[in-house]
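Undergrad: So you can see what is in the structure, the chains are spelled out below.
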Amino acid sequence: MTQLFRSLIFVPGNNSRFLEKAKSLQADIVCFDLEDSVPEIEKSKARKLIKTALKSRKSYSSSIFVRTNSPNSGKIPDDLKEIVQKGIDGIVIPKVNNIKELKIIEKSLSRLEKTRKIKPIQIIPSIESAEGVVNTYEIASYGQRISAVVFGVFDLLNDLGVEYSKNSEGEKYSRRKIPVDAHAAGVAVIDAIWQDLKDAKGLENDCKLGKSLGYTGKSIIHPDQIPVVHKLFHPNKSEISWAEKVCKIYLESSKKGKGATTVEGKMIDEVHFKQAKALLDLIK
Amino acid sequence: MTQLFRSLIFVPGNNSRFLEKAKSLQADIVCFDLEDSVPEIEKSKARKLIKTALKSRKSYSSSIFVRTNSPNSGKIPDDLKEIVQKGIDGIVIPKVNNIKELKIIEKSLSRLEKTRKIKPIQIIPSIESAEGVVNTYEIASYGQRISAVVFGVFDLLNDLGVEYSKNSEGEKYSRRKIPVDAHAAGVAVIDAIWQDLKDAKGLENDCKLGKSLGYTGKSIIHPDQIPVVHKLFHPNKSEISWAEKVCKIYLESSKKGKGATTVEGKMIDEVHFKQAKALLDLIK
Amino acid sequence: MTQLFRSLIFVPGNNSRFLEKAKSLQADIVCFDLEDSVPEIEKSKARKLIKTALKSRKSYSSSIFVRTNSPNSGKIPDDLKEIVQKGIDGIVIPKVNNIKELKIIEKSLSRLEKTRKIKPIQIIPSIESAEGVVNTYEIASYGQRISAVVFGVFDLLNDLGVEYSKNSEGEKYSRRKIPVDAHAAGVAVIDAIWQDLKDAKGLENDCKLGKSLGYTGKSIIHPDQIPVVHKLFHPNKSEISWAEKVCKIYLESSKKGKGATTVEGKMIDEVHFKQAKALLDLIK
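Chains as they are written, first to last, in numbering that gives the first Met the number 0: chain A, 0 to 283; chain B, 0 to 283; chain C, 0 to 283.
Among these hints, one or two may not hold up.
If chains are identical, the list can't say which one is meant, so a pair holds when it fits in one copy or spans any two.
With a straight-line cut-off of 30 Å between C-alpha atoms, the simulated DSS-like cross-links for lysine-lysine are [to be verified]:
hint : residue 1 : residue 2
1    : Lys244    : Lys42
2    : Lys116    : Lys257
3    : Lys207    : Lys165
4    : Lys22     : Lys54
5    : Lys200    : Lys236
6    : Lys207    : Lys230
7    : Lys257    : Lys74
8    : Lys254    : Lys118
9    : Lys230    : Lys165
10   : Lys118    : Lys276
11   : Lys165    : Lys265
12   : Lys247    : Lys236
13   : Lys244    : Lys171
Keep in mind that the hints were calculated from the coordinates and are not lab data.
Isolated chain A (complex conformation) (with noise of 0.2 Å):
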């Protein structure tokens, strides 16, 4: 498991053949989808074929994490039941709207973690609403297990009652206030999906917009997007350079017998120091 968050790759999580097929993806997350993907009659199957395919974890190469429904649809009780297994990294958590939300998720995480006895998994939040625009500082910040938000922007639209449209002026105060709040969190951040596959010109110069805004790396819904996204989101000479920094504290940090420190005034734990290790390694 890479700690990268260049590309998250959303799969239908009621399709045996895509869950298959994902093994072989080089997408640093691989998303099980169990919300806007799955109908609402396959939610029980595509719980199940997750819980399978979790337990082929090792023939993945990415990090697996799951999408679980929204915290308003009620489902999430059941979407945890099934999939917080052993083999998840994590899970995405869509339409977040305030911490309130994720204060009730993480009790029934927690407590499913302790009977099944795996380590806590992480929780990136799907900032895709007004209010979760407005709450997105608070959220990100909300504890250890956030280690990155992700922006969705079909929904936040709607929510807002504007129309979609490619690089809408709608999206424009959200998109940029995202990364400013995730960096001040300390968390990575990834930009919303490009939906036009015919346009590949276009989602070359979303990933350089994204890219220009803080954004980490873009959420993907199809296996061609992958090389594009991973191109335009290398890490550039201020990420790489933190990433050394990074590295160099924590393992004087960790010869001291001590784990969490600082960096520049930043709270530095294992899991960031994963994610610079993972960054160098891949600029080597």
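With chain A fixed as given, assemble chains B and C onto it according to the hints.
TA: Same frame as chain A, but now just chains B and C:
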């Protein structure tokens, strides 16, 4: 009275002819003004004229609001004393900076409503100061009386020390933040006026921009602007689909003898139902 | 000493010749630097040179500030010990993330001022981290010492993992948010530097943009930039009209033996009065 927020037209409160003519206006909201369009020496006269106009409330087809003077003016108690009368649907409060100001005003309002035996009226805070922009979400979330917020660009730029120009850089951040904060709070959001009456194309583009940013409607200074604004703030698919859900779920909830309910996690009460119903009536 | 904020020029604190030449500078604020322009091994020397320069305070026509090292550097106590002396008008604190940092610094400051029998000096926090951008309003509202905030674009982009380019997309959100937050807090706001000394047209456009966003002035790295910056940050009508109100109302309040008062609901004390007076003197 409709509960739509596509258009809010300001009518000088000191001009009895204008108050009379406003009876034929087709704007969603007619807002009698006590603030900027009324010179100091005519404030008292304007309050009396508005009080009189409210007596023929039934001759107006729009919602009837009154814009009071600003919290900092010290004139609000005198304004409210005269204009909180049967027939008024709400007040627009200009230059709201924070919820402390709203608390004081609401206290006066509630007392007057009780004495005069009228139902609680709505409040539309106007965001037109830097402090108001910072606090928009808190202001919009202040309570059930807040049905919308309105943006005021001229006073905002003045507060920032910026000279007005059309679509200036200085307005961009605030104009984009306000609709996100308003939607997060679940209230309507009305864009600033377009001042140049001769520039019809400019008005049209400004409406389109406002709509694409999430605004529900626009402030208006001349009756000629109403049809253009109504055309360009016509509800789109996502708004219609939301209104349908709200109506359906609220009616089901009502049948069970319950009032307020939630739709996709958002609080829905009678005000939201009326708005949704008005929107659906519009497109019939 | 003027109390204008059109221009703040950084002067390396370790260069005695530059400190001497700064006596002839016509910038509103001359800021001796202890941070980025001073190598580690010269910090101690720079502190001593600045301490000496402050003894000939009367030879400088500008306000005299010192930029300390950052809160995370651990060097501020040593900085303050040397430079909090008679003659200093204030400090610029780089990379301020939150008000917890300000609290600690203010404690040291107050103790030194008391011991050394000097009046409380000003603080200009520099916003150049994602966390600082999130907290700008809180930082700018921290207390009476805060007379302005200054924007630092290079370190901000670095914190966001974005490579610097002129007028990059990555700076837009933060550069627009900061003046709104500063005006909301009632303090001046100084834009980031323009680094390319050869690109005079670029500087001019960058000043115009900053002014149109609400900035009061600009950071400067070379004396040649001062006249351009002063020309383009010349006060406009709305600023002059505000200054006139502040002077009038503050003088009336003073005559009645009162100090601080309010103008249109904003707190006005002697600092604001001096700023307003300086602005009106400028345009005489």
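Undergrad: All hints are to be evaluated individually against the structure, with a verdict given for each.
TA: For each hint, the structure was consulted:
| no. | hint | in the structure |
| --- | --- | --- |
| 1 | Lys244 <-> Lys42 | between (44 Å within a copy, 22 Å between copies) |
| 2 | Lys116 <-> Lys257 | within (25 Å within a copy, 44 Å between copies) |
| 3 | Lys207 <-> Lys165 | both (14 Å within a copy, 16 Å between copies) |
| 4 | Lys22 <-> Lys54 | within (12 Å within a copy, 71 Å between copies) |
| 5 | Lys200 <-> Lys236 | both (25 Å within a copy, 29 Å between copies) |
| 6 | Lys207 <-> Lys230 | within (10 Å within a copy, 36 Å between copies) |
| 7 | Lys257 <-> Lys74 | between (40 Å within a copy, 24 Å between copies) |
| 8 | Lys254 <-> Lys118 | within (24 Å within a copy, 47 Å between copies) |
| 9 | Lys230 <-> Lys165 | both (22 Å within a copy, 23 Å between copies) |
| 10 | Lys118 <-> Lys276 | within (21 Å within a copy, 50 Å between copies) |
| 11 | Lys165 <-> Lys265 | between (36 Å within a copy, 28 Å between copies) |
| 12 | Lys247 <-> Lys236 | within (16 Å within a copy, 54 Å between copies) |
| 13 | Lys244 <-> Lys171 | between (32 Å within a copy, 28 Å between copies) |
Violated hints are absent here; each numbered hint is respected by the structure.
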